[in-house]
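Residue numbers (my numbering), protein chains in the order written: chain L, 1 to 197; chain U, 1001 to 1114.
FYI, nobody ran anything at the bench for these hints, they're computed from the structure. Don't take every hint at face value.
[Stated by the list, open to error] A few chain U residues that don't get close to chain L, going by computed Cβ distances all over 12 Å: (1) F1020; (2) P1052; (3) V1082; (4) D1085; (5) I1092; (6) K1096; (7) S1103.
[What the hints assert, rightly or not] What follows is a list of derived Cβ distance ranges for each label pair: (8) L/D192 / U/E1071: 18 to 28 Å; (9) L/P103 / U/H1013: 39 to 49 Å; (10) L/P31 / U/L1042: 50 to 60 Å; (11) L/C106 / U/P1029: 26 to 36 Å; (12) L/R48 / U/G1064: 39 to 49 Å; (13) U/P1052 / L/R173: 17 to 27 Å; (14) L/L178 / U/F1067: 17 to 27 Å; (15) L/R78 / U/H1013: 30 to 40 Å; (16) L/P189 / U/P1095: 45 to 55 Å.
All values reported here derive from a predicted model rather than from experimental measurement. C-beta: ideal position from N, C-alpha, C; glycine also.
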Amino acid sequence: MQIELSPDDIETIIREADVAARRLRRRLRLPICDRADLGQELLVDLLRRLPAIDPTRGTIGAFAGLVLRNQSSRIAMRIHRQRRAQGGTVLSLDAPIAGGTEPLGCQLTEADGLAAWHGQGLCPAEDAELRHDLARALGDLPEDARLFCAALGQCPLRDLVARGVGSRTALYRRTSELRLDLTARGLGPAWDGFRAA
Amino acid sequence: MKHTAFTIARAPHPISEIEFCGWVGQAVPGDRLEYHRGFLVLDAFPAISKLPDSDRKRLALLGGRAFWAAEAGLVHLVQERVGPDHFAYIAIARPKPKAASVSLSALLLEEAAA
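Isolated chain L (complex conformation) (with noise of 0.2 Å):
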C-alpha cells in the first residue's frame, strides 16, 4: 500500500527513532558510536512497516512509538544473547574493558592474540600462570584422562567419534567427568563464585 507523508510525519518518524536509538544505547550501555548504527536499524523497520499503518486508529506518532518500541525489544534481546555468549561482556573495540575507562581499542598492540581483542586477559602473568596451573593440573590427572585432553585440545568431539575414540555417549561422559576432576584441581568454577551467584 502506497502512504504519503507529510514533511512533519517525516520529522516525527525521524525524531522518535532518533529517540528510541539513544534510549536503547544507554539502557544497553552501548558506545556512543552505536547510536547512528541503532537509529537506522530502528528507522529501516519503522518505514518497513508504515504501510500497515491505519490512520483511524492513531497518530503516526503513536504508530512510530509502539514499532520502536518493540523492535527496540528484539534489539535489546540480541545483544543480550551475544553478551551471553561472550562472558556478559560487551565486545567492541570501543568499549572499555572490565575495571578500565581506555576503549580497548587503544590498549591492544599489533602483537597482541586472538583473545586479547576478545576482551580476555591481556596480562602476560596471569597467562604464565595459568600455563603453570594447566601443567600442575595435568600432571594430577591419570595417563588416560590426560591424553584425553590433549586429544579434546586438537579436535572437536565429534572428530574423535569419526576417528573410532569412542561412541559419542562414552565420550561425552568421560568430558564431563574430565570437568568434574579439573575443577577439583582448581580449574573451573570456584566455590566463591558458586556463592555469590
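We have chain L; now place chain U onto it with these hints.
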C-alpha cells in the same frame, strides 16, 4: 601453642557435584565443608529416601564424588553425629598431591604428531 584457624563452611543450600569440586579446588588444607546433613546412605537410596527423586539423584552423585575426592587424596571424609540417625558429613581439604608437572605444549605437540 598457636593453632591454625581453619575455615569451616556449611553449604547454604544442597550442593551439586560441580559445586563440591569447586570447593575442593579452592580449599586450602584444613578447610572443612559440611556437604550433607542426615543419613547419607538412606537419603540416597531409591526405595527408602524421603527426598524428591531429583534431590536424591543429586545426593547420590555428590556422595560418589566426595568418595572419589577422598580416593584421589584431595580430602578426608568424616562424619559427626548430631543426633540419632543424623550425621553431619564433612569433607576436610588435604594438601594437594604433588605430581610432576606436564608441559602443555609438549602434550599438544605429541597429540598433533600422533
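Now for the hints, and whether the structure bears them out:
At the 12 Å boundary, the C-beta of U/F1020 falls inside the reach of chain L, the nearest C-beta of that chain being 8 Å off. The Cβ of U/P1052 lies farther than 12 Å from every Cβ of chain L, with a closest approach of about 21 Å, so its non-interface assignment holds. Residue placement check: U/V1082 keeps its beta carbon more than 12 Å from all beta carbons of chain L (closest about 23 Å). Under the 12 Å C-beta cut-off, the non-interface status given to U/D1085 relative to chain L holds; the minimum distance is some 29 Å.
Every CB of chain L lies more than 12 Å from the CB of U/I1092, the least distance being 14 Å, so the non-interface label holds. For U/K1096, the non-interface assignment is contradicted: its Cβ lies about 8 Å from the closest Cβ of chain L, within the 12 Å cut-off. With a cut of 12 Å on Cβ distances, U/S1103 falls inside the contact zone with chain L, its closest approach being about 6 Å. At roughly 26 Å, the beta carbons of L/D192 and U/E1071 sit within the given window of 18 to 28 Å.
Roughly 40 Å separates the CB atoms of L/P103 and U/H1013, a value that falls within the hinted 39 to 49 Å. The hinted range of 50 to 60 Å is satisfied by L/P31 and U/L1042, whose Cβ atoms lie roughly 58 Å apart. Distance hint check for L/C106 and U/P1029: the Cβ-Cβ separation is about 44 Å, which falls outside the suggested range of 26 to 36 Å. A hinted range of 39 to 49 Å for the beta carbons of L/R48 and U/G1064 is inconsistent with their spacing of about 57 Å.
For U/P1052 and L/R173, the hinted distance range of 17 to 27 Å is satisfied, since their beta carbons lie about 24 Å from each other. Separation of L/L178 from U/F1067 is about 18 Å and conforms to the stated range, judged on CB atoms against 17 to 27 Å. Range check, L/R78 to U/H1013: about 33 Å between beta-carbon atoms, so the 30 to 40 Å window is met. Restraint check, L/P189 to U/P1095: a C-beta distance of roughly 22 Å breaks the suggested window 45 to 55 Å.
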